[in-house]
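Colleague: Could you build all of it, start to finish, from the sequences and the hints given here?
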Amino acid sequence: MAYFAVGALNISYSSDSSQTSHTRDYLHQDADTFWLRGLREKLMQAVAICISGIHQNRALAIGGGAAYLRYGSPDNYREPSYVGWAMRFLSLFGSPEWKRRRQVFRELVGALAKEAFGDKLDDMYVITALCTDPDMQGCGYGSALMKYVIDKSDSDSRDTWLVTTDAHHFYERHGFSTVRMHTLNATNTNIAPVIVRVMHRPANASNMTQGNEQAS
0 MAYFAVGALN ISYSSDSSQT SHTRDYLHQD ADTFWLRGLR EKLMQAVAIC ISGIHQNRAL
60 AIGGGAAYLR YGSPDNYREP SYVGWAMRFL SLFGSPEWKR RRQVFRELVG ALAKEAFGDK
120 LDDMYVITAL CTDPDMQGCG YGSALMKYVI DKSDSDSRDT WLVTTDAHHF YERHGFSTVR
180 MHTLNATNTN IAPVIVRVMH RPANASNMTQ GNEQAS
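Residue numbers (numbering that gives the first Met the number 0): 0 to 215.
Hints may contain errors.
[What the hints assert, rightly or not] Below, a list of computed lysine to aspartate or glutamate pairs in the DMTMM-like style, where the Cα atoms sit at most 25 Å apart:
hint, residue 1, residue 2
1, Lys146, Glu171
2, Lys113, Asp155
3, Lys119, Glu106
4, Lys41, Asp132
5, Lys98, Glu40
6, Lys146, Asp165
7, Lys119, Asp155
8, Lys41, Glu106
9, Lys41, Asp134
10, Lys146, Asp134
11, Lys146, Asp122
12, Lys151, Glu40
13, Lys146, Asp121
14, Lys98, Asp118
15, Lys98, Asp74
16, Lys41, Glu96
17, Lys113, Asp153
18, Lys119, Glu171
19, Lys98, Asp165
20, Lys151, Glu171
21, Lys119, Asp158
22, Lys113, Glu171
23, Lys151, Glu106
24, Lys151, Asp121
25, Lys41, Asp118
26, Lys119, Asp150
These are computed hints drawn from the structure, not numbers from a lab.
Modeller: Structure follows, in structure tokens:
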């Protein structure tokens, strides 16, 4: 399989790692009533993909855009200030409840990551988005993209971390384990609780696993 830096791709499915089905329900159900919600979400995705991903060379795709991954490395980690400005501007176009839930989610993720890793965060790789076209799932595209970043982090002897709400089994197969977990409840009881997991993979975890298997 060939993977490549993302150029001009037509990615029609959700490309935000926080926008899994569980998190979408928490953020939007009975809260996001803005009439141009669809346009706002597409613009936010465009900022994340085109500016944060492509411009900073932190995005990969495979299969002509069938799967997409965005990541950060210790030497290419921080978002440009104008990305934050753009996101804050677009966030103005939403209901107060949607803004509140979004802020709660972001603050929770930041607090869990800081509690788990402390100052080490700046020295780690991070997976910020991974998604696959639903029609192409099971083809190994997501795993191929993960392998690319894992190989890079291993070659740099750097740990990797990520946040997920419903894909922890997938990441466990790639050497990640849950180090922090929190159940997030919306004020509306019709919305199922969201289990937020911070996951960690130590550098060269594959080599350590193979060594343990040989020793046993």
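Colleague: All the hints need checking, so say for each whether the structure fits it.
Modeller: Evaluation of the provided hints:
| no. | hint | in the structure |
| --- | --- | --- |
| 1 | Lys146 / Glu171 | holds (13 Å) |
| 2 | Lys113 / Asp155 | holds (22 Å) |
| 3 | Lys119 / Glu106 | holds (18 Å) |
| 4 | Lys41 / Asp132 | holds (16 Å) |
| 5 | Lys98 / Glu40 | holds (13 Å) |
| 6 | Lys146 / Asp165 | holds (20 Å) |
| 7 | Lys119 / Asp155 | holds (15 Å) |
| 8 | Lys41 / Glu106 | holds (23 Å) |
| 9 | Lys41 / Asp134 | holds (20 Å) |
| 10 | Lys146 / Asp134 | holds (21 Å) |
| 11 | Lys146 / Asp122 | holds (19 Å) |
| 12 | Lys151 / Glu40 | violated (31 Å) |
| 13 | Lys146 / Asp121 | holds (21 Å) |
| 14 | Lys98 / Asp118 | violated (28 Å) |
| 15 | Lys98 / Asp74 | violated (31 Å) |
| 16 | Lys41 / Glu96 | holds (20 Å) |
| 17 | Lys113 / Asp153 | holds (22 Å) |
| 18 | Lys119 / Glu171 | holds (21 Å) |
| 19 | Lys98 / Asp165 | holds (22 Å) |
| 20 | Lys151 / Glu171 | holds (18 Å) |
| 21 | Lys119 / Asp158 | holds (9 Å) |
| 22 | Lys113 / Glu171 | holds (21 Å) |
| 23 | Lys151 / Glu106 | violated (29 Å) |
| 24 | Lys151 / Asp121 | holds (16 Å) |
| 25 | Lys41 / Asp118 | violated (33 Å) |
| 26 | Lys119 / Asp150 | holds (20 Å) |
Against the hints set out earlier in the document, violations occur for numbers 12, 14, 15, 23 and 25.
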